[in-house]
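Line order of the protein sequences matches chains A and B.
If you use this note's numbering, the first sequence closes out at 319, no skipped numbers anywhere.
If you use this note's numbering, the second sequence closes out at 259, no skipped numbers anywhere.
Source of the hints: derived by calculation from the structure; they are not laboratory data.
Just so we're clear, the structure is a prediction, and the values are computed from it rather than from any experiment.
Don't take every hint at face value.
As the list claims (entries may be wrong) - Computed cross-link-like contacts, DSSO-like style, restricted to lysine-lysine with a CA-CA straight-line distance of at most 27 Å:
#1 K166/A with K132/A
#2 K110/A with K176/A
#3 K166/A with K196/A
#4 K178/B with K132/A
#5 K256/B with K57/A
#6 K208/A with K256/B
#7 K132/A with K110/A
#8 K132/A with K97/B
#9 K97/B with K256/B
#10 K178/B with K256/B
#11 K97/B with K150/B
#12 K208/A with K196/A
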Amino acid sequence: MIEVENLTKRYGPTVAVADVSFTVQKGEILGFLGPNGAGKTTTMRVITGFLPPTDGKVRVAGYDVVDEPLEAKRRTGYLPEAPPVYPDMRVDEYLAFVARIKGLARREIKPRLDEVTEKCAIGDVRRRQIGKLSRGYRQRVGLAQALIHNPEVLVLDEPTAGLDPKQIIETRQLIKALAGQHTVVLSTHILPEAAKTCQRVVVINEGKVVAVGAPEELTRRLQGYGTVLLTVEGPAAEILDRLQRVSGVNWVEPRESSDQHVTYEIHSEKGQDVRSELARAVVESRWKLFELKSSGLSLEDIFLKLTTKDLSEEGVSSQ
Amino acid sequence: MRNVLAVAGKEMRAYFHSPIAYLVITVYTLLCGYFFYSFTAVFVVQTFRMQTMGGYGGPPPMNLNEMIMRPLLEGILTVVLLLLVPLITMRLYAEEKRSGTIELLLTSPLTDLEIILGKFLGALGLYAILVALTFGYFSVLFIYGNPNAKPLLAYALGFFLFGGALLALGMWFSTFTKNQIIAGSISLAVFLLLYVLDWGTAYSTSRWAQTLSSLALTPHFENFAKGVIDLGDVIYYLSVIGLGIFFTARSVEALKGRP
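Work the whole structure out from these sequences, hints included.
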């Protein structure tokens with residue numbers, strides 16, 4: 001549904017997006033994850049036709065955004081980070097205007113307006129001036145305008161920014177309900193949101209794609225860089241020595257200690273599960289084993305790792 | 001075309017949702033009314049004086065067109081418009097940039113030209129109200145007197161063309177910045193400079209002065225105020241309007257180069 005091929009966007013000497021490629025399948029919800037300034041908004045602006053690409057191709061619903069912009073835009077609904085609303089218009093006036101410029105026929109406007117106000121729960125404020133609405137309502141009006149022409153593709157830039165927790169949950173549910181019927185790309189740096197709402201995630205940093213995959217898949221793939229936490233009671237120097245000699249262990253470092261026992265953080269080779277070996281080492285040496293657990297990577301950890309230099313250089317970005 | 005009308009309608013509504021439309025209309029009406037009154041008063045006094053003088057086979061008939069309508073249009077309103085048009089055009093693009101709604105417009109299935117024409121038409125719509133008010137004043141003359149109706153078409157055409165040129169330029173200036181005040185100030189400064197340019201060269205006969213004079217906006221209105229529709233003047237104003245629209249389009253394109 002959306003094909004981004006070798007997209008590059010330059011502003012003079014600055015490269016905002018460098019050779020980014022990914023596709024979004026019909027009906028999928030794709031998460032666009034990255035720190036601020038990574039190039040998420042720029043990429044979305046190219047997809048929606050606001051900015052022309054410096055290099056590369058972008059196709060939405062089969063239409064090239066540069067060669068056939070009108071066709072592509074007709075099928076796209078866009079909610080930028082700040083909802084593009086006119087403060088002195090009333091909600092219904094505004095939505096009717098958007099409906100018109102998105103190409104809806106006159107008689108379609110009213111029914112669609114009703115549908116979309118209900119879906120986005122803005123029925124109460126229909127006749128109010130947008131400038132007088134709270135942030136939450138304004139965001140919902142923004143979402144309503146993205147949906148009003150029932151586009152095949154929805155591009156949402158930080159759709160839950162500034163909302164309170166209840167509103168965030170409601171918005172998330174709304175977005176999840178849209179999958180299937182619509183193809184959704186949403187950008188966020190709220191990681192649990194990406195994990196919960198999206199089926200697949202593209203991680204972008206400094207204008208480049210750093211990882212692509214389903215959240216669980218990314219976690220699994222990077223699990224090898226995970227750590228094991230071992231809480232043991234016994235002679236410190238000996239423990240350190242013995243643990244380090246376990247095959248597959250990269251390094252051992254004592255973390256916390258309370259009373260007699262010390263918690264060690266153990267890093268292992270990629271893909272190697274050293275837990276059983278560690279347990280055996282402890283038991284054979286007759287030390288007291290209190291706790292042994294795998295400290296799995298949360299999406300936060302993945303995000304942080306992927307967006308710091310060392311890991312991205314090691315080429316985690318394989319698909 | 002329907003897109004152009006949709007945008008035009010939105011602009012008109014926006015004007016009336018804010019104080020701008022009311023401000024512009026009120027100020028214009030007051031000024032127009034005051035000067036209309038002045039010229040008419042002078043006319044009346046002169047007429048009496050002519051009548052009491054008698055002699056020479058009767059006084060020459062006083063011309064309402066020449067004594068009231070023409071000076072009003074030529075002398076006064078062109079200046080008033082220089083000051084008021086910036087107020088109309090300053091929000092056209094500046095407000096869209098400031099509130100982020102430019103993203104809505106540029107990501108919708110509209111061509112840039114449709115947006116520009118729509119905005120121009122919306123501004124022209126508000127301007128048309130000012131034209132209508134002016135003709136409202138003129139109609140008083142028709143009720144109480146017998147002015148010549150034939151120049152009216154020239155008056156209206158010139159008025160619209162002159163205004164259109166200012167509006168197109170003002171629209172271009174409003175693409176420069178997010179700040180309406182700055183956009184309005186730039187328009188005002190440029191319009192005043194153009195006006196002074198003409199004013200300064202009005203009494204000079206050098207080739208240089210003549211050329212400058214032919215580029216300025218106000219001289220081309222003279223014929224219209226006399227009731228004459230000169231093709232050269234029409235083309236001049238249409239060209240300025242075209243240039244304003246063209247530069248607006250280029251400016252909008254440049255907008256897309258940077259976020």
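Evaluation of the provided hints:
Annotation: proposed proximity of K166/A to K132/A holds, straight-line Cα distance about 21 Å (limit 27 Å). Only pairs whose Cα atoms come within 27 Å are accepted, and K110/A paired with K176/A is accepted, the gap being roughly 25 Å. Straight-line distance between C-alpha atoms of K166/A and K196/A comes to about 15 Å, which keeps the hinted pair within the 27 Å bound. Between K178/B and K132/A, the direct Cα distance comes to roughly 21 Å. Compliance with the 27 Å bound is thereby established for this hinted pair.
Restraint check: the Cα-Cα separation between K256/B and K57/A comes to about 17 Å, which is no more than 27 Å; the hinted pair holds. The hinted pair formed by K208/A and K256/B meets the criterion: a straight-line CA distance of about 21 Å does not exceed 27 Å. Annotation: proposed proximity of K132/A to K110/A holds, straight-line Cα distance about 23 Å (limit 27 Å). Simply put, K132/A and K97/B have alpha-carbon atoms about 20 Å apart, close enough for the 27 Å limit, and the pair holds.
Distance hint between K97/B and K256/B is fulfilled; the C-alpha atoms sit about 12 Å from each other, no more than 27 Å. Restraint check for K178/B and K256/B: satisfied, since their Cα atoms lie roughly 14 Å apart, inside the 27 Å limit. The straight-line distance between the Cα atoms of K97/B and K150/B is roughly 45 Å, outside the 27 Å bound, and the hint therefore fails. Our distance criterion of 27 Å between C-alpha atoms is met by K208/A and K196/A, whose separation comes to about 24 Å.
This entry does not satisfy hint 11, going by the numbered hints stated previously; all others are met.
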